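So the protein lines, in turn, are chains A and B. Last residue of the first sequence: number 391 in our numbering, and the count goes up by one each step with no gaps. Last residue of the second sequence: number 391 in our numbering, and the count goes up by one each step with no gaps.
These aren't lab readings, by the way, just hints derived from the structure by calculation. Since we're looking at a predicted model, the values are computed, not measured. Heads up, some of the hints might be wrong.
Away from chain A, derived, C-beta distances all over 12 Å, residues of chain B [claimed, not checked]:
| # | residue |
| --- | --- |
| 1 | Leu22 |
| 2 | Arg34 |
| 3 | Glu136 |
| 4 | Lys207 |
| 5 | Asp241 |
| 6 | Ala279 |
| 7 | Val315 |
| 8 | Val324 |
| 9 | Glu333 |
| 10 | Glu345 |
| 11 | Gly355 |
| 12 | Lys369 |
| 13 | Asn371 |
Looking from chain B toward chain A, a few residues come up when the C-beta cut is under 8 Å (computed) [said to hold, decoys possible]:
| # | residue |
| --- | --- |
| 14 | Gln139 |
| 15 | Thr262 |
| 16 | Glu273 |
Here are the simulated SDA-like cross-link-like pairs (lysine to any residue), alpha carbons at most 20 Å apart as the crow flies [unchecked claim]:
| # | chain 1 | residue 1 | chain 2 | residue 2 |
| --- | --- | --- | --- | --- |
| 17 | A | Lys332 | B | Thr233 |
| 18 | A | Lys120 | B | Thr233 |
| 19 | A | Lys332 | B | Ser97 |
| 20 | A | Lys254 | B | Thr233 |
Backbone N, C-alpha and C define an ideal beta-carbon position, used for all residues, glycine too.
Protein chains: 2
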Amino acid sequence: MSSLSVSPPQCLLRPFVVPHRLLLGPGPSNVSARIVTAACQPMLGHLHPETIEIMDQIKSGIQYAFQTQNRMTLAVSGPGHAAMECAIFNSVEPGDSVLIAVNGIWGERAAEIAQRIGAKVNTIVTSAGRYFTNNEIEQALAKYNPVLFFLTHGESSTGVVHPIDGIGDLCHKYGSLFLVDSVAALGGSPIYMDKQEIDILYTGSQKVLNAPPGTAPISFSERACHKIFSRKTKPVSFFLDLSWLASYWGCDEKPTRIYHHTGPITALYSLREALAILAEMGLEKSLKRHKDVAEYFHAGLEKMGLKLFVEEKKVRLPTVTTIVAPPGYDWKEITGFIMKNHNIEISGGLGPSLGKVLRVGLMGCNSNKDNVDMILEALSEALRHCHKSKV
Amino acid sequence: MSSLSVSPPQCLLRPFVVPHRLLLGPGPSNVSARIVTAACQPMLGHLHPETIEIMDQIKSGIQYAFQTQNRMTLAVSGPGHAAMECAIFNSVEPGDSVLIAVNGIWGERAAEIAQRIGAKVNTIVTSAGRYFTNNEIEQALAKYNPVLFFLTHGESSTGVVHPIDGIGDLCHKYGSLFLVDSVAALGGSPIYMDKQEIDILYTGSQKVLNAPPGTAPISFSERACHKIFSRKTKPVSFFLDLSWLASYWGCDEKPTRIYHHTGPITALYSLREALAILAEMGLEKSLKRHKDVAEYFHAGLEKMGLKLFVEEKKVRLPTVTTIVAPPGYDWKEITGFIMKNHNIEISGGLGPSLGKVLRVGLMGCNSNKDNVDMILEALSEALRHCHKSKV
Chain A
1 MSSLSVSPPQ
11 CLLRPFVVPH
21 RLLLGPGPSN
31 VSARIVTAAC
41 QPMLGHLHPE
51 TIEIMDQIKS
61 GIQYAFQTQN
71 RMTLAVSGPG
81 HAAMECAIFN
91 SVEPGDSVLI
101 AVNGIWGERA
111 AEIAQRIGAK
121 VNTIVTSAGR
131 YFTNNEIEQA
141 LAKYNPVLFF
151 LTHGESSTGV
161 VHPIDGIGDL
171 CHKYGSLFLV
181 DSVAALGGSP
191 IYMDKQEIDI
201 LYTGSQKVLN
211 APPGTAPISF
221 SERACHKIFS
231 RKTKPVSFFL
241 DLSWLASYWG
251 CDEKPTRIYH
261 HTGPITALYS
271 LREALAILAE
281 MGLEKSLKRH
291 KDVAEYFHAG
301 LEKMGLKLFV
311 EEKKVRLPTV
321 TTIVAPPGYD
331 WKEITGFIMK
341 NHNIEISGGL
351 GPSLGKVLRV
361 GLMGCNSNKD
371 NVDMILEALS
381 EALRHCHKSK
391 V
Chain B
1 MSSLSVSPPQ
11 CLLRPFVVPH
21 RLLLGPGPSN
31 VSARIVTAAC
41 QPMLGHLHPE
51 TIEIMDQIKS
61 GIQYAFQTQN
71 RMTLAVSGPG
81 HAAMECAIFN
91 SVEPGDSVLI
101 AVNGIWGERA
111 AEIAQRIGAK
121 VNTIVTSAGR
131 YFTNNEIEQA
141 LAKYNPVLFF
151 LTHGESSTGV
161 VHPIDGIGDL
171 CHKYGSLFLV
181 DSVAALGGSP
191 IYMDKQEIDI
201 LYTGSQKVLN
211 APPGTAPISF
221 SERACHKIFS
231 RKTKPVSFFL
241 DLSWLASYWG
251 CDEKPTRIYH
261 HTGPITALYS
271 LREALAILAE
281 MGLEKSLKRH
291 KDVAEYFHAG
301 LEKMGLKLFV
311 EEKKVRLPTV
321 TTIVAPPGYD
331 WKEITGFIMK
341 NHNIEISGGL
351 GPSLGKVLRV
361 GLMGCNSNKD
371 NVDMILEALS
381 EALRHCHKSK
391 V
């Protein structure tokens, strides 16, 4: 007689099958075979010497990808949102004034996160597809006197890559830290943490790096660490507390690592290989490839008569392209057609761009002209076959 | 001329090699080949229909493993600590009275997490290796009138499996929710969420389930949901906010899933297979195996003259055994000897048991008599070869 009241679910007794498809949405991207294989290596303990060595290699790889010498460099054991919280939870105390640039969904979410921990949140807002001038940013810094200014580098919801030059300098003139979200852009669009005086920078594993989602590289400048380690209150999260993470990742002065939480060991293997691939290829080559492939794609789209959502060429994000949703079509029918007939994922808008755009991601190993040719062909076929309304 | 100031790190240009070893520490455990293979399946988008189906299968698998009908059942995209924060962040508001049972490190951490979000934290404390009687718990519930009572089921730092029967009833008598951490015990020691009136239960992927670390199954009773969804303040974390997680995991009334964060897709594949293996084997067989193997191990240890840290047989955790550190030996020399000569991980104490015990984990596929024979032989050899002090 069974003492159990819940039976084994039938759905789990069926074999596990996952289809292959080309992921040209805003992420996750496809994972290269080498990175898949890395995750198959034997499990290690989270504080075994070999694991610590892998973590050290990841630190070096992030320092290279971010172009920083920051000692306080590590990977958060979670997705990009966990890194966003790690950045804000540690650098902001209740009552602190924070300034958030909102030109898409990521700014909205950063504002929400800062509000939840009791910060005084001020925003500057511009419409989807636009960006802020340094002059606008300086005015807001002067007005709100924030301890932290948040900016999205690659706004994947709108397809804008935000200019970064000069903003770090402005932040520091007004006594603010400069926090940049580069989840969707890093490795595909230039960013130089030290040179551009960025105080906190993070990205995700599942975009240009082509690793599975679940880890998020992050780095903190000395200026950021000074603010963080002289705070009066503890950050709300123990899991994301930088003083603990620093000991776990060996970023502090202590001679031995301290157990904090159990890191996602095999996800770290993948991240290590993803960063190794970038180091082998060279950052400059990766940046050039994304630029060239995006320009080739954009030219093809315009030749087809499609319109790019971001008008100004220089702020078009090379990793995620936003295309104005073709007038008269239901965008869902287009993405559905391409998935059904070509086994390719592209996506619709998100947040402020919902219903207005199609989004196509060309990131890391997915950033190549063959993929562009394929998606252009698929789009062209979709436009021929999908229903055009008579309105 | 390179525009880069940081060069590709040499350590990343070397091949990636990971040694195999038998992981008989307190976790992570070894990952079975089937689970490794699952994570090699092609990447999918986080809201593709197939991904949603996998998430639904995971929900069913957790409901089976937890023995619950709770609709609010999902996996947190992070390690056990993230699940601990998810449980406390959502169910506790600033100023709420919380009662934490501390008989090892996990209670200490739960107390720390609750303190950080401004709860009034009261604890009952007992020494390492001991547990609380229902009478002691009832007295504390009556005294502190908490909204939440936290208890660790499998205290892996001390090797105690805490009795659960009757405590849910007591909590509800005093208007408290009952939160149980079963990271180290679930699947290896009996726990029945619904029958035992547990309101929030979580575990980790990397113990008995034998999946890589990085996901954490969690479930909430209707009573817990009622408290959570009638709170006046938002939880401090957006990433762990149950109202968002519920929409993402389809645990609410809404017809479509809402993008919240990008889940760790391949880690979900692994978790799906881990839960499938448990469903195929049957929970009762898994529980019996862990019990039998642990008893066989404990008998072997006593035959060798070693002493178990937990005196009372019925509260010895079957998944993680604590052995009194052999008098006269340096415990680090023993664990080092076994790692060096046998390629087996066992570990020392943690928190309150540091320096006092050796810990051996026998979890999931690692719970078998062959492994017991191996580790007994290794321990016996270590005691012959390691230095015994003359003190």
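These are the hints, each one checked on the structure:
{"no.": "1", "hint": "Leu22", "verdict": "10 Å, violated"}
{"no.": "2", "hint": "Arg34", "verdict": "9 Å, violated"}
{"no.": "3", "hint": "Glu136", "verdict": "26 Å, holds"}
{"no.": "4", "hint": "Lys207", "verdict": "10 Å, violated"}
{"no.": "5", "hint": "Asp241", "verdict": "8 Å, violated"}
{"no.": "6", "hint": "Ala279", "verdict": "4 Å, violated"}
{"no.": "7", "hint": "Val315", "verdict": "20 Å, holds"}
{"no.": "8", "hint": "Val324", "verdict": "22 Å, holds"}
{"no.": "9", "hint": "Glu333", "verdict": "16 Å, holds"}
{"no.": "10", "hint": "Glu345", "verdict": "6 Å, violated"}
{"no.": "11", "hint": "Gly355", "verdict": "15 Å, holds"}
{"no.": "12", "hint": "Lys369", "verdict": "22 Å, holds"}
{"no.": "13", "hint": "Asn371", "verdict": "15 Å, holds"}
{"no.": "14", "hint": "Gln139", "verdict": "28 Å, violated"}
{"no.": "15", "hint": "Thr262", "verdict": "4 Å, holds"}
{"no.": "16", "hint": "Glu273", "verdict": "6 Å, holds"}
{"no.": "17", "hint": "A:Lys332 / B:Thr233", "verdict": "36 Å, violated"}
{"no.": "18", "hint": "A:Lys120 / B:Thr233", "verdict": "16 Å, holds"}
{"no.": "19", "hint": "A:Lys332 / B:Ser97", "verdict": "49 Å, violated"}
{"no.": "20", "hint": "A:Lys254 / B:Thr233", "verdict": "38 Å, violated"}
The structure fails hints 1, 2, 4, 5, 6, 10, 14, 17, 19, 20 (numbered hints given earlier, in ascending order).
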